[in-house]
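Numbering (UniProt numbering), first residue to last: 1 to 296.
It should be emphasised that the hints constitute simulated quantities derived from the structure, not laboratory data.
As the structure is a computational prediction, the values presented were derived from the model and not from experiment.
Wrong hints could be hidden among the right ones.
[Claimed, not checked] Listed next, with one range per pair, are the computed distances between beta-carbon atoms:
{"#": "1", "residue 1": "R236", "residue 2": "G129", "range": "14 to 20 Å"}
{"#": "2", "residue 1": "L230", "residue 2": "E199", "range": "19 to 25 Å"}
{"#": "3", "residue 1": "R248", "residue 2": "S144", "range": "40 to 46 Å"}
{"#": "4", "residue 1": "P71", "residue 2": "G153", "range": "35 to 41 Å"}
{"#": "5", "residue 1": "H87", "residue 2": "R248", "range": "36 to 42 Å"}
{"#": "6", "residue 1": "S68", "residue 2": "D264", "range": "25 to 31 Å"}
[As the list claims (entries may be wrong)] Below, a list of computed lysine-lysine pairs in the DSS-like style, where the Cα atoms sit at most 25 Å apart:
{"#": "7", "residue 1": "K130", "residue 2": "K226"}
{"#": "8", "residue 1": "K247", "residue 2": "K226"}
{"#": "9", "residue 1": "K76", "residue 2": "K226"}
{"#": "10", "residue 1": "K130", "residue 2": "K151"}
{"#": "11", "residue 1": "K127", "residue 2": "K151"}
{"#": "12", "residue 1": "K76", "residue 2": "K177"}
{"#": "13", "residue 1": "K127", "residue 2": "K226"}
{"#": "14", "residue 1": "K76", "residue 2": "K136"}
{"#": "15", "residue 1": "K177", "residue 2": "K226"}
Backbone N, C-alpha and C fix where the C-beta goes; we use that ideal spot for every residue, glycine too.
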Amino acid sequence: MRNDKSETAESTKVVLMGKPPRYLPPIRHCMSSTQLASTAEVVFDGHGGIDAALFVRENILRFILEDSHFPICVNKAIKSAFLRADHAFADAASLDSSSGTTALTALIFGRMMLIANAGDCRAVLGKRGKAVELSKDHKPDSFSERPRIEKLGGVVYDGYLNGQLSVARAIGDWHMKDPEGSSSPLSAEPELQDMVLNEEDEFLILGCDGLWDVMSSQCAVTIARKELMLHNDPERCSRELVREALKRNTCDNLTVVTVCFSPDPPPALEIPKFQFKRCISAESLDLLQDLLDSNI
């Protein structure tokens with residue numbers, strides 16, 4: 001794997017804390033090409049048992065690579081793979097089809113990055129210190145999900161889909177879905193976001209809702225950037241985000257993945273210098289300075 005950001009992501013680390021059966025390690029898959037390198041990261045948040053998360057973890061990348069649209073149209077391949085995983089899980093007789101999982105994937109092909117999300121995990125880009133959300137949280141009462149749910153005959157009660165599930169999109173949970181081929185209030189179809197990485201794009205944070213329940217996207221980016229400036233170690237950065245979420249008394253387990261796009265630490269931010277017309281007297285400035293000095 002090259003260290004040139006224009007070719008591929010530099011490194012990826014994950015930190016898991018909480019009950020291991022519920023939050024599984026991300027999948028890593030790399031393949032070579034004469035034109036570019038690629039990498040994939042996937043984070044799952046299982047519920048109702050571990051069967052769905054385990055099944056999707058073992059099969060999702062294979063489904064993507066086997067899809068007829070891959071690699072010509074990766075967007076279609078990923079959507080198709082999510083739905084195929086959903087239906088294949090329903091057909092797996094030895095598994096509990098009432099188990100479910102959310103899924104968040106980040107695929108990087110050279111300078112192209114594609115995010116696919118079904119559920120309430122979140123992908124956040126660190127762009128020169130600013131947080132850019134690359135996925136939507138699929139909560140049942142969200143502005144985009146509630147109309148879709150109600151149009152398909154579902155209800156949202158106290159923030160829960162049909163009073164049972166706190167997410168509007170997930171793979172599995174077939175006790176809440178109509179027969180295969182029918183549209184259901186609970187959807188396995190991912191939302192996609194693609195972009196071209198540039199020199200301002202420094203790192204990516206993938207996290208389950210246990211992180212975002214207690215921390216804004218901007219807060220996470222600020223913490224991550226501060227850590228990476230010190231050591232540029234994505235694993236230590238992930239651990240610090242986990243520790244901070246625990247300090248804030250998150251009520252959920254935690255999975256955090258940090259992907260760095262460069263072998264070098266993020267540079268110090270330049271503070272813009274502005275020229276202001278002075279609207280205060282010299283005496284008042286001296287008084288203000290004295291007050292500031294007395295509080296140091």
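We went through each hint and held it up to the structure:
no. : hint                       : verdict
1   : R236 with G129: 14 to 20 Å : 19 Å, holds
2   : L230 with E199: 19 to 25 Å : 21 Å, holds
3   : R248 with S144: 40 to 46 Å : 27 Å, violated
4   : P71 with G153: 35 to 41 Å  : 37 Å, holds
5   : H87 with R248: 36 to 42 Å  : 39 Å, holds
6   : S68 with D264: 25 to 31 Å  : 40 Å, violated
7   : K130 with K226             : 12 Å, holds
8   : K247 with K226             : 18 Å, holds
9   : K76 with K226              : 37 Å, violated
10  : K130 with K151             : 36 Å, violated
11  : K127 with K151             : 37 Å, violated
12  : K76 with K177              : 23 Å, holds
13  : K127 with K226             : 13 Å, holds
14  : K76 with K136              : 19 Å, holds
15  : K177 with K226             : 44 Å, violated
Of the numbered hints given earlier, the model fails hints 3, 6, 9, 10, 11 and 15; all others are met.
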